[in-house]
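*Asks:* Let the sequences and hints guide you as you build the complete structure.
So the protein lines, in turn, are chains L and W.
284 is the number that the numbering used here gives to position 284 of the first sequence; each next residue is one higher, with no gaps.
424 is the number that the numbering used here gives to position 424 of the second sequence; each next residue is one higher, with no gaps.
These are calculated hints, taken from the structure and not from any lab test.
Be a bit skeptical, because a hint or two may be false.
One copy or two, either will do: identical chains are not told apart, so a pair holds if it fits within one copy or between any two.
To be verified - Once the Cα atoms are required to be at most 27 Å apart in a straight line, the calculated DSSO-like pairs of lysine-lysine come out as:
1) K487 <-> K333
2) K430 <-> K158
3) K229 <-> K513
4) K395 <-> K513
These numbers were taken from a predicted model, which means no experiment stands behind them.
There are 2 protein chains.
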Amino acid sequence: MHVSPVSALWLRKNKRKQKKNEMRVSTLHWLLASSSPPHEKAKVRIGRGSVSSRHLSSALFYHGSLPSPRMNRGNINPNVINAQYAVRGELAVKAEQYRLALARGEKLPFDRVIFANIGNPQQLEQKPITFSRQVLSLLEYPPLLENEEALKSSFGYKSDVIARAKTLLADVQSVGAYSQSLGAPGIRQSVADFIARRDGFPANQADVYLTAGASSGVNTILNVICAGKKTGVLVPIPQYPLYTATLSLLDATCVPYYLNESQSWATDVEEIKTALAKGQNAGTDIRAIVIINPGNPTGASLNPTAIKDVIDIAAEKQLVIIADEVYQTNVFKGEFTSFKKRLRELQAEFPNKYDGVELVSLHSVSKGMVGECGHRGGYFELVGFKPEVVEQIYKFVSIMLCPPVIGQCLLECMVHPPVEGEESYELYRKEYNDIAEGLRQRAFALYEAFKKMEGVECQEPQGAMYLFPTIHLPAKAVAAATKAGRKADEFYCLRLLDATGVCVVPGSGFGQKEGTLHFRTTFLAPGTEWVDRIVKFHSDFMNEFRD
Amino acid sequence: MHVSPVSALWLRKNKRKQKKNEMRVSTLHWLLASSSPPHEKAKVRIGRGSVSSRHLSSALFYHGSLPSPRMNRGNINPNVINAQYAVRGELAVKAEQYRLALARGEKLPFDRVIFANIGNPQQLEQKPITFSRQVLSLLEYPPLLENEEALKSSFGYKSDVIARAKTLLADVQSVGAYSQSLGAPGIRQSVADFIARRDGFPANQADVYLTAGASSGVNTILNVICAGKKTGVLVPIPQYPLYTATLSLLDATCVPYYLNESQSWATDVEEIKTALAKGQNAGTDIRAIVIINPGNPTGASLNPTAIKDVIDIAAEKQLVIIADEVYQTNVFKGEFTSFKKRLRELQAEFPNKYDGVELVSLHSVSKGMVGECGHRGGYFELVGFKPEVVEQIYKFVSIMLCPPVIGQCLLECMVHPPVEGEESYELYRKEYNDIAEGLRQRAFALYEAFKKMEGVECQEPQGAMYLFPTIHLPAKAVAAATKAGRKADEFYCLRLLDATGVCVVPGSGFGQKEGTLHFRTTFLAPGTEWVDRIVKFHSDFMNEFRD
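*Replies:* In structure tokens:
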């Protein structure tokens, strides 16, 4: 490496500063700075000396001398400060620290960290669907399509894989080229066909917007709908914190409505009406209602009657429906019904009454049996919006250019999988069913464990990837939490992580009724050994703090 | 497809409505709705009837009956309404229409559309780098790493490709799993190593944040820095409109400073000071300065002295420097110097004076010789920020979970390409040099053409992927534009598109001094035939409107 004499000088000077300042660096920064596995702490050789690169973070440069940096916690965007997002917060950072410590060979009370804080199936050894990944490998390196060896039937790429790769390439030209901002037209058509098959009602590719995961779709929709603090959006509590965080960033008002835990976390129409009236009385212009179905974190799954109830309120009160349907294939009980389908049924049955309803339905490649979170693919379908609003949505998405094109192609494989008679069908069916069955088994195994735990109550699994049990903690535990400056559920989850390496998210990260405590855990991790660890921890914890 | 009787009823009802309402659909919506290539206009069969799916857009549902939709242009987020983003605006939509018309076999005055409106190299036949794409194909389908056929040396995957894929897989586990919100740690380390090699000063992976393209990095930084209307950010004019659009979305104030066209679009320190003083006098709290180097749309490239001048102002006036350096390898004249390197030199040379400077440096896989726009990869490096601010940046990016993991891996291949002695080196070098040389030749060919055009002045190409010529139009042309309700440059560019199929962006999309007119064109399209078309159009246009 070429190093100028100046940079050697810079280094000497800053090594002196370093010691003085190291103590002031915040916890998070320390965690981040030291999160390198051992092999990454490469020495950067500078002249004859050497210095570990992890000690040279930007944190060095704001101390001791004038002028100090311009930005500080007091002057940055207060909406960012106000946003909360626990799923990847302190607990997740600490869990990553433990993982790295184990990788370095350090001794901890457990030999493996279980990331049950986030629905990240492939981190927990869920295998990707072969068909999709074979197609993507051809798209990333199209010369394989002209490679005689690769095209031999013995090689592994079936004829339907090759055909699909060719079709997708014709649509996108190269996965390295920007697509249209809405996504590639052929892929949007595939999504529309999927929706039409799923619902039995037509869908139009012009209403389908491809996204970088459902999160980016939610971001787009809320950005367009929300016009400042006076704008309110009804959000279920508990909820996936993307909604409250995005509303905070937009300085819009979250109008919470509580799900009914005693009825398996049902969506309670009266509760929505009460929340709506209360918000409106406070002067909030409530424009939309978020429904997560199947629910995150609750797992609750709505039946057609419950969906009609929500659509009725939306029609009556003129609320845009934001239907987060990313768990639509993760259903254990009954069948998934989409908001779009139910709306079309009602529109057919009752002329005019439902014509004005605006619906956004979101879906993703991250969940279901696909579980391709890292690819950031998804879509939303717009129903009933005025073209003048659609135009603004189009402009908004165009500023970020386009969603990842390979993620778009993966979405295409998800909504248009191999069908009976095609060469890849049998393997696809088997992989899909095995994953579905595995998830079901793990959900119920965890549920059975929770049933046996003192002071823990849990709904029977219905859908999504989560269980969200209530925990009743002894007063001594709550007091200990307060003393530690923690919410009681946070205290419990931190202790769980420290003792077992299992990372879950406290209920307060999703919202919960005053006086109740929960945590959310995925049931994605294979095996049952980690479940046993939770059971034992809980028993020890209860004994430690028993009143 | 299973279709319920209800949906057939829905369809009959809406087919009647359709005719009545079709005329009201806005232009954009029509463009979008009819943007399907012929093979996509599949008939959706419903019962015995059939209906073209493109006629069933959501636009049907807002007419004629009460209640009408809730959202309209008058009540949605005014910040979205105010945002402007011409690069993918009306001209781009029209160009796509022409492309599809040609694909359908329609006759137009040209036989090919040239998308010179956007830096999208692989849309214009630039080939991806083989090394990177081979690695990505292995990452998408890791069983290839155990396939005896694929591992044979004759197959095409070299040993360094296989080794890299294995290293990256060990880091990310699966490209289908979420990574850390900042990006995978090993990849961030590679980026830090790249920066250290480039600058001759150490870099720390803890300061590196991977992003979904540089656009998403800019979005993050501006979100954190901007606290409402009183916050100002200095933006060069002309600029890439991502900056003004994002500031509009954040309801922050864009404080424009003009680049000096008569000095090859130089960054003019006095102009910055004037703009700063003017903004401050108006009560704006100006916190940051955006520098695009090499420039977009101007192509201007800053030398070390010019960079020092900017850093001096930043240090003196306490401005965060946002250095958009995505074109750092697209330099035709002189050598690229990064702001980070120059800052470290100054910090070494002048103790204390520059210690408080905060810098964000952005880079991307979309440009350079890589040109992988569709993969949405990039990073930013933070220098000099307080940990309490870094914490908020971390929280902000965690809400969107993580950048696309395959894009992260591609970034790794870009910053860590094969080196001499490795098996893929020779091919990599050749591909890289051929692309660089091709871009240089096309830039100068276009420049030569512009030099010959009446009333057109253009700076010699220095960097980036664009030329940004001034056009002097006759008064009659300006009058005709006004009559058509168009800005003069817009009028010119629309006529150019209609006559030649070449899509460029009017200067007004980037900002330009009152009374001047420009357009931006990429020089990515192969061949010279399209350049000849521009020359001929221009001559005809001038003759048509000659005073």
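*Asks:* Hint by hint, note whether the structure agrees.
*Replies:* How the hints compare with the structure:
1. K487 <-> K333: The answer is neither: 33 Å in one copy and 59 Å across copies each exceed 27 Å.
2. K430 <-> K158: So K430 and K158 pass the 27 Å test inside one copy only (16 Å; across, 34 Å).
3. K229 <-> K513: within (24 Å within a copy, 36 Å between copies)
4. K395 <-> K513: between (39 Å within a copy, 25 Å between copies)
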